[in-house]
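So the chains spell out like this:
There are 2 protein chains.
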Amino acid sequence: MRLSRFLPVLEWGRAYNGNTLTNDLVAAGIVTIMLIPQSLAYAMLAGLPPEIGLYASILPIIAYALFGTSRALAVGPVAVISLMTLTAASSVAVPGSAEFIAAALVLALLSGLILLAMGILRLGFLANLLSHPVVSGFITASGLIIATSQLKSILGITASGEALPELVSTLAANLPATNMPTLIIGVASTAFLFWVRKGLKPLLVSMGMKPRVADLSAKAGPIAAVAVSTLSVLLLDLEAAGVKTVGQIPQSLPPLTLPLFDIALWQQLAIPALLLSIIGFVESVSVAQTLAAKKRQRINPDQELIGLGAANVAAAFTGGYPVTGGFARSVVNFDAGAETPAAGAFTAIGIAIAALFLTPYLASLPIATLAATIIVAVLSLVDLKTPRHIWRYSRADFAAMAATILVTLAVGVEPGVIAGVGLSLGLFLWRASRPHAAVVGRVPGTEHFRNIRRHSVFTDPRILTIRIDESLTYLNARWLEEFVLEQVAEHPRMQHLVLMASAVNAIDASALESLEAINHRLGDAGVALHLSEVKGPVMDALERSHLIGDLTGQIWLSQNEAFAQLIERMQRAEEAEIGKDPLLARGLI
Amino acid sequence: MRLSRFLPVLEWGRAYNGNTLTNDLVAAGIVTIMLIPQSLAYAMLAGLPPEIGLYASILPIIAYALFGTSRALAVGPVAVISLMTLTAASSVAVPGSAEFIAAALVLALLSGLILLAMGILRLGFLANLLSHPVVSGFITASGLIIATSQLKSILGITASGEALPELVSTLAANLPATNMPTLIIGVASTAFLFWVRKGLKPLLVSMGMKPRVADLSAKAGPIAAVAVSTLSVLLLDLEAAGVKTVGQIPQSLPPLTLPLFDIALWQQLAIPALLLSIIGFVESVSVAQTLAAKKRQRINPDQELIGLGAANVAAAFTGGYPVTGGFARSVVNFDAGAETPAAGAFTAIGIAIAALFLTPYLASLPIATLAATIIVAVLSLVDLKTPRHIWRYSRADFAAMAATILVTLAVGVEPGVIAGVGLSLGLFLWRASRPHAAVVGRVPGTEHFRNIRRHSVFTDPRILTIRIDESLTYLNARWLEEFVLEQVAEHPRMQHLVLMASAVNAIDASALESLEAINHRLGDAGVALHLSEVKGPVMDALERSHLIGDLTGQIWLSQNEAFAQLIERMQRAEEAEIGKDPLLARGLI
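These protein sequence lines map, in sequence, to chains A and B.
Per the numbering used here, the first sequence runs over residues 410 to 998.
Per the numbering used here, the second sequence runs over residues 410 to 998.
Every clue listed holds true.
Any copy will do: because identical chains look the same in the list, a pair fits if it lies in one copy or spans two.
Pairs of lysine to any residue residues, derived as SDA-like cross-links and limited to a Cα-Cα distance of at most 20 Å, are as follows:
1. Lys-794 <-> His-929
2. Lys-794 <-> Ile-957
3. Lys-944 <-> His-857
4. Lys-704 <-> His-900
5. Lys-561 <-> Val-503
6. Lys-703 <-> Gly-932
7. Lys-944 <-> His-864
8. Lys-703 <-> Ala-926
9. Lys-944 <-> Arg-859
10. Lys-944 <-> Glu-856
11. Lys-794 <-> Ala-926
12. Lys-704 <-> Ala-937
13. Lys-703 <-> Gln-904
14. Lys-794 <-> Glu-925
15. Lys-794 <-> Ala-556
16. Lys-704 <-> Thr-961
17. Lys-704 <-> Ala-926
18. Lys-944 <-> Ser-911
19. Lys-610 <-> Asp-624
20. Lys-703 <-> Leu-960
21. Lys-794 <-> Ser-954
These aren't lab readings, by the way, just hints derived from the structure by calculation.
Please work from the sequences and hints to get the whole structure.
Listed below in C-alpha cells is the structure:
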C-alpha cells in the first residue's frame, strides 16, 4: 500500500490487460508522430542540437511513467521551458557550444533535484505563489517572444535577444538578408499547419472519415510538412540556394551523461532552475488535473513533483534538457485513448526507434519548417481573452498580469515571473493587512447585527460593536490596534467595546498580543473590552492564553446577548446612581 | 486642514499655552539628564565617537517634533539600532575610522529616505511582515548580544564579533588581561544602577518624598554614576592604572555633514538600512501607540514614518547616526508630563547646551560606567516570559521566534531578522494555502448545517455540501480544486455539489478561474456545481464574471433552500422515471 503510493506503477500495473495495451499503443503511436518534429524544434528553440530533443523524450518519459500519477500526461520538451532553458543557459555560455549543452544538463539536474525536494518535503504549495493571472500573462508573453524569435528561421536570417525590443530590432536590421527559398518554405509550412489545425478535420469528415479518426489524423499534419519540405530540399537542392537544414543527426540511443558538479555554475543556475521548475510544475499539474477530472480520477500533486523530478534527473543523465508535461501533447494522448502511463513508455520506445533509424532522413529537413511548427504551436498559447476577463473582474489581478506580460516582453522571462510573483504577493499582503471590519448595530425587531453604514440599525453611544470579517494574524494585528483605537478616539462616550468574532477563523500569537494591548489600553481609557460569537477552535486556543483572565469585559456567546445585557447593566447602574441622589430619585432633576 | 496633517506641529502649536510649556519643560529636563549618558553610551556601542550620540540627539529630535504625531515619543539613539548600525557599518569599514563614521551617516540618510518613501507611498503595512514573536525574539537576542559585548568594557579588555560565539570566545581568550580598577568601577556602576532601578524609589518614598517625584528623581541615577565614577578617575588618577575613559569630546554644536553619494556604498548598505528602518519603525510605533492610547489620543503610522524619516535625514546632515523612538526614554517623558512634541524640542536644546558646555567634564568619564548604563538598559529588553506564553499558545509562532533568537545569537542581527520574517511569511502562506473546509449536513429539525465529523447530521449521498471557512485567493485556489476533486472521486453517487460560501469574504481572479475549472470538470463528470450563501460584495464581483452564466447548477440564497429543493427535484425526476416504466409505475418492481 505505502510503496504503491511512491511508485504508482505498482497500482495501475496490476490491472493491466490486453485491452489497456491496445489503447495505450494507439495513443503512443499518434503521440510519437507528433513528438518527433516537436522535440527537434523545441531543442533548437532552446539553442541545443536537435537530437537533444529526442534524447529528452526517451528516458524522462519512462521515469515519469514509473513515478507520476497522471494517466495521460505526455512529458517531454515544451516551448516555454525550452525558452527558459535558452535564457538561463545563455547567461553562462554561448548557445550551441559544448558549455551550453553542459549548462542545459545542469539545469535539468537542478530542476529535477528541486522538484524531488519539493515533493519529498511536501512544498508543492510554493507553486501557489504563481497566481493564475501571472501564469497566464507569462505564458502569453513567452508565446509572443518565442513566435517572434522563430521569424528569423522563417526569413533565413539571424536575430538575437531574449526580450522583444532586441529581438525586433535585430530582426529589422537583418531583414534585407532574407533568403527567398527559406521564406517560401517557412510561409508555406506555417500556412499549411494552420490549415491542418482548422480545415483538415472538416475536410476529412466531409470525405466520410469518422470525426475522432479525422481529428487524430490531423495530428499527423506536422509530419506531412516535415516530409514534403525535406523532399523539396532534396529534390530542388535548396541547401545550395541557402536554405538552412537540420543537418546530420547522430544515429544513436541517448548517451549516458554526467552533469558537471561545479558549485559556481550551480549557484548561477539555481534561481533560473527554480523558476523553470515551478513554471513547469504549474503547467503540468493544471493539464494533469484537467484530464484526470474528466474520468473522475485524481492526481497527487506532491507525487507529481516526484514524477517530474525523476523525469528531469533522467534527462540530466541521458543527454537531455529540462522537460515537463506538455499541454497539447497530453490532450492528444488523452483523446487518442491513453489509459495508463504505459502509453508514455511506448512513446519513449517510438522515439528511441526514431533516434536509431529515422535520423538520417531528417538531415535535409529545413529549419524553417521546424520554426513553422513552433510558431503554430505557441500562437495557441497567446491568450487575449483572459486579460479582458480579468480586467473586468479585478483590477488588482489585472495589474499583476499586466506587469508580468510587460516585464517578460520588455526585459525577459525570469524578471517577468519574479515581477508577477512579487506583485501578487505584495497585493495579497496589502489586502491581508487591512481586512474588512464594520461597526454594527441591531436590526430593529431582530437579533441580527448589521453594518451601520448599510442598514438602519439600533445602536447605543455607550456600546460600540465592531465585526471583523477576517482571521486575525500578524499581518493585520497592527491594523486591528489602529482601527480599534481610532474608534475609541471617535466615540468619547463609549464604555464598552464588543469585538464580534463570528468571521474570525483563527487568532495567531501577534494578534493575541494586540488584543491584550487593546485590552490594557482600553482599560487605561476606562473602556471594557468584550468578545462575542467566538468560534470553538478559536476559543480553545484563547483558553491557553492570559487574555481570558485579563479581559476587562466578558466573552459572550451571542452578540445579541452581549448588547442586551450590557444595556441592562448600565441601566441598573444608572438607576442605582439616581437612587443615591434624593433629588434625582424624586425625579426633580 | 490638509497642511496640518503633514505638519502636525500646526495643530498642537495653536493650543500651546503657559501650562503646557511648564509641563513640557519639566519633562524635557528629566529626559535630558537621562539622555546625556545614554547618547554617549549608545554612540560608543555603535562603534562611533561619543559626541556623535549627542549630535544624533539634537536636530533629529527637532525634525521629529515638527513632523511626528506622537506627543510623548522621545527620539534619539537607541540600543538595538546602535547595534544594527555597528553591524552594518562594520561590513564596509573599521569601527572608529573616518570611513565608518561616513558609513553611519549614509545609513542614517538611507534609513531616512526609506522611511520617508514608505510614509509617502503609504507602505507602512510592510512593517506588518515583522510579527510580534519575531520582533520580541529579535529584541531579546539583541539585548543579550549587546550586554555580552559590553562585558569587554566592564573587564577592561578587548573582544570582537557581532554574534555570540565569536564574542564569547574572544572575551574568554582575553579574560586574563582583565584590568582590576576598571572591573571595580564597572561592577560597582552596574550594581548601583540596578539598585537605583529597584531600591532607590522605595527608599526616597520612605524618606517622605512623593512617589511621583521619587520615581523621577531615580531617573537621575545614571548621572550620579557618571559624576561619581568620573570624580573617582580624576581623584585616584585611575587613567594611569589602565582605566579607559571617554577622552576629549569636541565642545561644539553638531557639524553640518554631507553624506557620501557613493552608489556602490549605497548598494552595500541598502538592505541593512531597510532592516534597521523597519525594526526602528516597529519599535517606535508600538511605544507611541501605547502612550497615545493612555490619553485616548491617536498617532498616524504613515505620518510617523515621515516623522522618523525626517529625524534620520536630519541625523545624516548633522553628524549623527540612525535614530528612532526609544522605549524607556519615551515612557519617562510621558510620566514626567510631556504634553506636546515641544518637550522633545526642549530636550534637544538641553543636549545642545550639554554639547557646548558639559563635554569638557566628560573627558575622564570611564567607559566602564557607560557599559554599565547599557547593560542595565538592555537587560530589561531581554524577555523570557513571552517565549513561554507563545509556546503555550502557538507552536508555529514559537518556531518563528526561536529561529529569530537562535539565528540572531549565532549568526548576527540581519540574518536573524531575515530568518524570522521568512519563516513567519512561509508559515502564513502555508496556512493560507490550506484553509479549513468541512463537508456539512443538516442538523435534524433545524435549518442549520454543521460539519459531519463533529455533529450527527442528515445528508443525502447524491448531494455533497462543502463549507469553506476562508476567502478564496490564488494561494488556496489549487487546494480548492484538489479538495473538491478528491471529494468527487470519493463520492461516486454524487449528482450535486454545493459550495457553501458563508465565510468567503472575497474571491480573486485565480480562485474564480479555479471555480470555473471545477464547474467544467464536474460537468464532464455529470455533477452540477451550486453555490450557496454568497455574501453581497462577493456576488457583486461574480456578476462581472462568466461563472454565473456557465454554472451547471444554481446560486442559492440559503443552504437550507438549496438542500431542500435539490432533494425535491431529484425526487420528482425519479418519480417521472418510474412513471415512464409501466411495471415500475404499477409498483411491480
